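Could you build all of it, start to finish, from the sequences and the hints given here?
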Amino acid sequence: MKLVLWAAFAAAVIALPYTGLVPAWTPAQATVAGLTGLSLIGLNLIFGVTGMLALGQAAFTAIPGYAAGMLEKQGVPGLLAIVLGVMVSVAIARLVAEIFVRLPGIYLAIGTLGFAFVVEGVARAFPSLTGGASGLVLVPPIALSRDAWYAVAISFLIVALVSFHFLVRGRLLRTLQLVRHDELAAQVLGVNVARVKASVFTLGSAYSAVGGVLLAYYVGVLAPETGGVNASLESLAMVIIGGAGALLGPLVGAAGVQWLFSVAGGAEHYELLVYGLGFFLVVLFAPAGIMGLFVRRKAGVAATPLPAATPAAHAAREGVCLRVENVAKHFGGLRAVDGVSFDVRFGAVVALIGPNGAGKSTLFNCISGIEPLTSGRVVLEGVDVTAAPIHRRAGEIGRSFQVPRLVPEMTTLDNVAARLDHLPGFRGNTYGTARAQLAAFALDDFAERRVSEIGLGFHKLIELSRASAGAPPLLLLDEPAVGLTAEEVSRLVAALQRLKNEGAAILVVEHNIDFVSTIADEVIVIDSGRLIARGKPSQVIADPMVQEAYFGALA
Amino acid sequence: MNLFTQAVISGLMIGAVYAFLGIGLVLVYRTARILNLAHGETFAITGVAAALLAKAGLPLPAALGLAMLIALAFALSLHRFVLRPRAEWPAGNLILITLGAAFVVRGVLVLAAGTDPVSFPALFTGMPLRIAGGVIPPQGIALVVLGFGASAAVGFYLARTRSGKQLLAAAENPYAAELVGVNVERARLTAYGIGAILGGLAGVLLIPLIAVDFQSGLAMTMRGFIAAAICGMSPVGVLFSGVGLGLFESMVGAYLGALYQDPVMFFLLILVALWQSRHIRFGGTRRA
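Going down the list, the sequences are from chains S and R. Under this note's numbering, the residues of the first sequence are numbered 1 to 555, in order. Under this note's numbering, the residues of the second sequence are numbered 1 to 288, in order.
Do not rely on the hints blindly, as some may be mistaken.
[As the list claims (entries may be wrong)] To give an idea of the interface, some chain S residues facing chain R are shown, with a C-beta separation under 8 Å as derived from the structure:
id, residue
1, 113
2, 117
3, 125
4, 269
5, 272
6, 275
7, 277
8, 280
[As the list claims (entries may be wrong)] Here are some chain R residues the structure puts well away from chain S; computed CB gaps all over 10 Å:
id, residue
9, 76
10, 80
11, 87
12, 138
13, 186
14, 262
Calculated directly from the structure, the hints in this document are not laboratory data. Keep in mind that this is a model prediction, so the values were computed, not measured. Even for Gly, the Cβ is constructed at its ideal location relative to N, Cα and C.
Listed below in structure tokens is the structure:
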């Protein structure tokens, strides 16, 4: 039924240029808008969904046309030249992405901006190849009537929209939202962030290339500014105005802007300002764009009950899970961690305590791979992981943070599912397992609710259930009890007790001495980066050296 | 005329400009944690406004002063009325806002002056100076002297004065700085102010020698960023990387041709990115 309604709506929109109901909305206008929208789907994937600031996307809409035109001059048959042109453009996009995705986002922004300057500049500078400022003339390999072009544009657009719809959902959507919101958390959950970003950029640029090359052949001339900075900024403006991240956002933006300018007519000098103001005001006051007016923000998952699988219990494991050998981490002259050794056995809770700045969090970061070690080794289940990147350790380590790093705009269920998505060796029903995991922590009531709507006290528990989903052998918990009410602490203690009984090795940083005494089998005290005491909680807490370091003059 | 000397001279001039822009970019980045993509617009606004005001018959010094004031007002209002009320937004959104502001400025500049480059007369006129086979116009001398003078003054301000030290402290750790009584908000406003004045000064001094159009802002922001990235966002180091970048670009222009300047800049950015990537072991990581 819903599908029929959508089809009827689409048919009405497609027929609109022929009805004359909208002034100045001709099939020619609609073709341009449709092809522009098609290329913008790529930018929507890169920027709108994944949040990568790509400031030169127009370059990747112009390159395929230029490449195809140049290949044709060399005698390559038209259709083949077009296909090759698209492939060349996508390959270049991949290269550009590979260079910049490992760095903070601003490098990609400036890098793509610089690339757009280059493409426009080169297109101007070599008239013999590119037609220079007057443009490269492109003749379609098959002569098409106006209506046939419209049909081509609509067909490609439908394919693009449908492929986007089926691609960008479920597991991939969760991954992209995670990457967008928090790259570090994504890596800790096992996502190879650089690879995901490079792939998204490449895939998005494929949409850009197809839309761009079709538009270039439809218009018949490819001018240098098509691939330049202005065109790129205008693309971004259309996506933002239409609704960044929404399926139809880029299409609405392209059609709306196209129509506005054709009605207003001959406003070349105003054009850039209109784009700019639209961009600026939408970013400031209506981040969801035009689509935000129509679409009710719905949670990511339909509330259909799924069969709940029992959470995978830890296989009975024995012996040492984590071995930290002489680990040191120096920041310049500061020895944050200075030769610490200990190990954590399966089925044991080890508490790491020490005054502020003692090096506890740095040690955690060393174990999870966020900080490269100055010296020493980290061994997990007998395997040396000292050199392994963060996301490679994620299968063995479930980690929570001092301030929980959940994705607020995702549901609790999706947050946990995102962990299972990237857990190596997990083959079960993702939602079923995630639901069972939430049930085990008595969080099932929150499953369908966005994290942003849930009280902060629960975030710690939700993060713990995410960290322990799929039963990783080692749990690293950074101050899990801080800020919790007494009732929440007792739930936490029960949950940890259960995980411990299932065989997990648990390393926890905590200041709450009562909590530590209740839960820990062993306490390790760190001060100024050095291990100063270890033993049973009662012994360690009574140790005068610990009293001095930890409680200072108060004790 | 000696090509090499001439390239060094233009390199020093353009390098002084990149140093100017880089300082502003770094100061704002370090105090407000925002990479201000609208930073180069202070250069473009000053240039276009000065050209229009001078053309309208205003005496040159008045036109230049007024143009710089407009750029200063733009930068300060961007911070005070747009960015500051949204300080809690994610950094990515704030960068997007600065891009939007740059975009609006581009639109306004096109509306005000069209798409063709505009310029205005040099403030310092007279016979060009000949040194070792190169020629430098008085305006160029002023640019280099003032460029290094102003940069040194900013360096002195940051390192030696109380207010400058507070600014750096606010940059290092805003919360701790606030606790010991540093006015972080004033530090940020000062950073935007210094940035805008230096950007405007760069426009006043360089534009008579070249020209400016509505596209110049982002091109300048990009070059300022490259200079800043080379030295790892150090407010003093950017003087040297800015001048180095200017010399390099000028050499490329002299020996390869101006057409290669954009591609070579991009190539340089790639090198910087690859070099920086070695220090960041894992994709896009921030410290936990």
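The hints, checked one at a time:
1. 113: Constraint on residue 113 of chain S satisfied, holds at 6 Å.
2. 117: Check passed: Cβ of residue 117 of chain S comes within 5 Å of chain R, closer than 8 Å.
3. 125: holds (4 Å)
4. 269: Status holds, d = 6 Å.
5. 272: holds (4 Å)
6. 275: holds (7 Å)
7. 277: holds (6 Å)
8. 280: Interface hint status for residue 280 of chain S: holds (4 Å vs cutoff 8 Å).
9. 76: Label holds. Min Cβ-Cβ 17 Å, cutoff 10 Å.
10. 80: holds (14 Å)
11. 87: Check passes; 14 Å lies beyond 10 Å.
12. 138: holds (31 Å)
13. 186: holds (24 Å)
14. 262: violated (4 Å)
Consistency note: the structure conflicts with earlier hint 14 alone.
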